[in-house]
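Novice: Sequence:
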Amino acid sequence: MPLREPAPRQPIHTRTMTMDGYRRHDGLWDIEGKLVDVKAYDLEGLYRKHVPAGEPIHEILVIVTIDDDFTIHNVEATIDFSPFPMCGDIAPDFAELKGLGLGGGFMREIRARFGGVKGCTHIVDLLGAVATTAFQTIYPLLRRETGPGRPALIDSCHAFAADGEVVARQWPDHSSRSPISR
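Numbering follows numbering that gives the first Met the number 0, with no gaps: position 100 of the sequence shown is 99.
Hints in this document: simulated from the structure, not taken from any laboratory.
Treat each hint with caution, since some may be false.
Pairs of lysine to aspartate or glutamate, DMTMM-like flavour, derived with a Cα cap of 20 angstroms [to be verified]:
id	residue 1	residue 2
1	48	36
2	97	108
3	97	66
4	97	31
5	33	68
6	33	79
7	33	75
8	33	88
9	97	25
10	38	79
11	117	75
12	117	92
13	38	54
14	38	58
15	48	25
16	117	95
17	97	124
Note that the coordinates shown come from a computational prediction; the quantities given were computed from them, not determined experimentally.
Based on the provided sequences and hints, a complete structural model is requested.
Specialist: Shown next as structure tokens:
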């Protein structure tokens, strides 16, 4: 269903988040997340005296290297554009995530370690998107290469509920729906 026709409006702010997943030749995976914020008008700031319309207010890149089990091997973060010079000082601290898994509770752990003044809101936002991109990047290939077994997607969201229609149709052997309702 298409969205409604918007009311007349003027562009003010654009945030672009780009996620890319790569399989490395050493068997690991790199998931890159990039966040760029731009204004449609010139901005005057405390540290960056004049930011012309279209020039990034924020430009942040995160690369998370993980293995097939979604365990973090390395995190690199860089802040190339920011409103304040000290913003980039926190980026190297995200390397402390080495060893953490991208499974359940990942974002809770990220917020505990890097919430508020301990981190950067924008890098934390990127890490959430990186985690879902990692799953989208790795899971289909591993599933194809490793063969049968209970798909990890089952019970990962509403659409993949074990007792739902998608699982009943796509993986009937793993469905908890009664055969009558399939």
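Novice: Name the hints, by number, that the structure is in violation of.
Specialist: Of the numbered hints, 5, 15 do not hold.
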